[in-house]
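Chemist: Top line first, the protein sequences correspond to chains Z and X.
For the first sequence, the working numbering begins at 26 and goes up steadily by one.
For the second sequence, the working numbering begins at 6 and goes up steadily by one.
Please note: incorrect hints may appear among the correct ones.
Here are the computed lysine-lysine pairs in the DSSO-like style, where the Cα-Cα straight-line distance is at most 30 angstroms [said to hold, decoys possible]:
hint	chain 1	residue 1	chain 2	residue 2
1	X	K62	Z	K62
2	Z	K96	Z	K30
3	Z	K30	X	K62
4	X	K49	Z	K30
No lab work stands behind these hints, which were simulated from the structure alone.
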Amino acid sequence: DQQVKQNSPSLSVQEGRISILNCDYTNSMFDYFLWYKKYPAEGPTFLISISSIKDKNEDGRFTVFLNKSAKHLSLHIVPSQPGDSAVYFCAASPNAGGTSYGKLTFGQGTILTVHP
Amino acid sequence: NAGVTQTPKFRILKIGQSMTLQCTQDMNHNYMYWYRQDPGMGLKLIYYSVGAGITDKGEVPNGYNVSRSTTEDFPLRLELAAPSQTSVYFCASRGTGGTEAFFGQGTRLTVV
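If we strip away everything but chain Z, and leave its shape as in the complex, we get (with noise of 0.2 angstroms):
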């Protein structure tokens, strides 16, 4: 039972455009959410949150939107840079601390690849 789906495998982005990548969950339990950046042979860093209570955060180049209704969130990358390209995890977890103990559930990730 995948709990957290990033239902596109890769992305292909040309330097400047925007880079939209999506994640979609189904545990009504979540409300912290997480994505991470990762490079091959690193492990994954931690790029930009955002919790239920809000909809959107924003971080230079990166906003995250949550729309709860849908149990839906989505990254934004505006614009683009080829130092981008890496794997992009969203995961997600029942609480920011508590008893939840900051595990999380990971998605599959989504290869994006930004072109010169």
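Start from chain Z and add chain X according to the hints.
Modeler: Showing chain X alone in chain Z's frame:
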């Protein structure tokens, strides 16, 4: 600032052998985790710990054991390695009041 350090980076095991994957963090984080990532899949939680002496199972604990004798270290033990344990293993840590986990570089394990 080392963060989360995993050793070894690569290892090939024969079926039935045992090994310990080492993980240490220098951020004084209470929470530590072991995840595995199979090709084309997301990370799955094997075991986690909320402090020294306290561990619990995650989603895929079978075939593994952990211990947490200090805040810094959280080793993962594989007993009787099987081909199904071929994967990339990531250790992570998080502060009690934090919101994101910090990951190590990973250990690529192949069981043949």
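Chemist: Checking one constraint from the list: CA of Z:K96 to CA of Z:K30, max 30 angstroms. Satisfied?
Modeler: With a Cα-Cα distance of about 11 angstroms, the restraint between Z:K96 and Z:K30 holds, given a limit of 30 angstroms.
Chemist: Within 30 angstroms, alpha carbon to alpha carbon, are Z:K30 and X:K62?
Modeler: This hinted pair holds, its Cα atoms lying about 23 angstroms apart.
Chemist: Is it true that the CA of X:K49 sits at most 30 angstroms from the CA of Z:K30?
Modeler: With a Cα-Cα distance of about 13 angstroms, the restraint between X:K49 and Z:K30 holds, given a limit of 30 angstroms.
Chemist: Hint check: X:K62 vs Z:K62, CA-CA at most 30 angstroms. Holds or violated?
Modeler: Given that 30 angstroms is the threshold and the Cα spacing comes to 26 angstroms, the pair holds.
Violated hints are absent here; each numbered hint is respected by the structure.
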